[in-house]
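So the sequences go chain by chain: U and W.
Read in the working numbering, the first sequence has 79 at position 79, and its numbers run on one by one without any break.
Read in the working numbering, the second sequence has 1586 at position 586, and its numbers run on one by one without any break.
I should point out that these hints are in silico values taken from the structure, not numbers from a laboratory.
Quick reminder that beta carbons are idealized off the backbone N, C-alpha and C, glycines included.
Sample of chain W residues facing chain U (criterion: CB under 10 Å; computed from the structure):
1) 1002
2) 1072
3) 1153
4) 1177
5) 1205
6) 1207
7) 1215
8) 1282
Sample of chain U residues lacking proximity to chain W, with all beta carbon distances greater than 10 Å (derived):
9) 84
10) 108
11) 116
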Amino acid sequence: MKTLIAARMERCIGCQSCSLACARLVHKRLSWHTAGIRINSSGGISTGFEARVCLACDPPPCAAACPTGSLSPRKEDGGVKQDRSLCIRCGKCVAACPIGAIAQDELDNPYVCIHCGRCVPYCPHDCLELAEKGQANVIQEVAE
Amino acid sequence: MIRPHFRVLMVDLTSRKTHVVNVPGRETWLGGSGLGALLFEKYGDPGLPWSDPAQPLIFAIGPLTGYFPLMSKTICSFLSPYHGQYTESHAGGRSALALRFADMDALVIVGKAARPCVLSVGSKHMDIKDAPFLWGKDVFTTGKMVRNMFPGTGTRSILRIGPAGETGCAYACINVDTYRHFGRMGSGAVMGAKNLKAIAIQGDASFPLPEGKEYAKVFKEIYEQLTETTMMSKYHDLGTAGNVAALNELKSLPWRNLQATTDPGIDGISGERFAKDMLLRNTACAGCPVGCIHIGYLREKFMADNRYLYRQVAYDYEPIFSLGSMLGMTDGFGVLGLMDAVEREGLDCMSGGVALAWATEALEKGHITEAETLTPLKFGEAEGYKKAIHHLGVGTNDFYKRLAQGTMKAATHYNGQDYACVLGQEMAGYATGESFFVSESLSFRHSHLDSSAYSADQKPQDLDAPKIVAGFVKDEASRIVLTSMVGCLFARGVYTTERLQQALTSLGYAEVAANLDTAGQDIQRLRWRLRMRSGYAPMQATIPKRYSEVVTWKGPINTEFMETLRQTYAAKLMELGREVHGAEGKEG
Ligand code: SF4
Ligand code: SF4
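Work out the full structure: start from the sequences and follow the hints.
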């Protein structure tokens, strides 16, 4: 299955268009935080940027930790599906994610990337790619 | 929309208390420039000095902030230490989105802390931490320390001052997120006078979007126009630095304290040269896919045996002019070194560079000596300038203290007024001709961005003073609309009135959209009234002799026409700033 890969973050300019797009299009929020992808400056702005985004673990520890089935593994290639109606906002998924890719809003709702790719066209520097898993490095090398 | 009125967070540094004020008036005052003026009228006192603890320091955003691309700027409104009058300065970085997500339309800071402190605000907190250990620290060190004092990477903005703000330099800037600035007119000194070393704004709230398809549609159209057309390519490509060679070619680039307007040494400092040899990467204000911020790479040998360190320095047209051509520098790496020094001290790069250009000529002419400058200053020699920049930041002696109050103040003391390149404040880098010289001398912010005078000068124009002045006034009003939204002025080609109206309507601000042009004019008048109340006398604003000696592509300056234009514009400003009797509380 296709997976979002932040493949070329060395090109990132920190505009946060991706986070704003995910919040706007997937979660219907005006936010730079309640989004599947979030951009941090790595050690202060002067050293560039990094993306906090789901790496599509297979099997996903967040889904294993979820007591309600709100998060469940996608059928292949890792990552999760989310059914918000089942979520009790316990935050177990947030604690289970080893890389801190799941954000919580002020009401404790969790936000995780569902690998839909809607942020990709909003990145002006082509940092992001929706691709088959395992293609990330190949993509990085062939990028113009 | 989040709410129809303005939600303003007031912070009093004296009492260390905060409260939220709900202010009506969105249809008339829009946000940004308009909201800043409204709040200054409410909380400021044009009769008291700028440094009075009661004076407010205002940061305002607008109705479109965060909702649309390039709506990424914050307006800072304050009484300027440069001239003691009401002014504005604009900056981006993450400041605008941080304020949006901290759920405030404006942050107003009054009072004075008992000792140096850092303020942290967010949607759920206000915290003032004593920070005497930060006093005296440069801008970069301060930024690093504040990052460690408060959590929240990626979703916060850090505003801070350097030594120049602490010592009351009239052109001290506020640095925003390392690479952006509230650069001009001395807002940094206002923070310093309040004992406020830094502000961390935590953008930790989120909001529902408008129902329906309209918002998504308008967003998409604007985004495509900004990213898929060539409208923004000049900012994306070489950036504003692309103007350096173009203006040199047009005989409009100030060199060596404006003793020349073109020079063959241009190749070393052109935008093309910077891109080829120095450009390391780009970065952007939050919410802007254009990413016009160009960051250069500077490698410095600090020890024998090949020991190096490297620095990353943001460059733009203006600092290349002020710390490059204006100081006779023809080596781009040398210019980057000076930019880095200016950043550290927290000085405005334009004023700092132009002030040192004046000092260099004053030294050549014998109006001052090395007893004053403490270091040799020679056009083209970076080492002396680096030392002088530090002296200017910390105010080492009386000479540097005077110079830090403004080049014309120092020039008056040392008898060098004729060659002080001051147009209201130290000039911006456009020796384009009569229109620009008059516009910058008299206009509201004394900024090259107050009108398009510098581009009008680059084309043949009729010597019709009333027509040109009418253009300045109209241009100002339309720019005010954009800086009330608050959009980046680089996007003014995309954000036409019609576009802004669509955007506002999609968020539920139909009434605001309908009143846009009138609001622009009302805000314009209020800003001028505030400026006049704080002492502005446009008729007395003169243009130094150096500007009548300039030769541009059009030939020598037409001094007679320049004087007519100056008087016409000054008269028009008096009219704009006239009090409306009976209509408002504060008259006369
Ligand atoms: S792929 Fe979809 S869910 Fe993941 S960050 Fe992008 S827009 Fe959000
Ligand atoms: S949209 Fe692209 S350039 Fe902008 S922050 Fe996201 S990854 Fe970086």
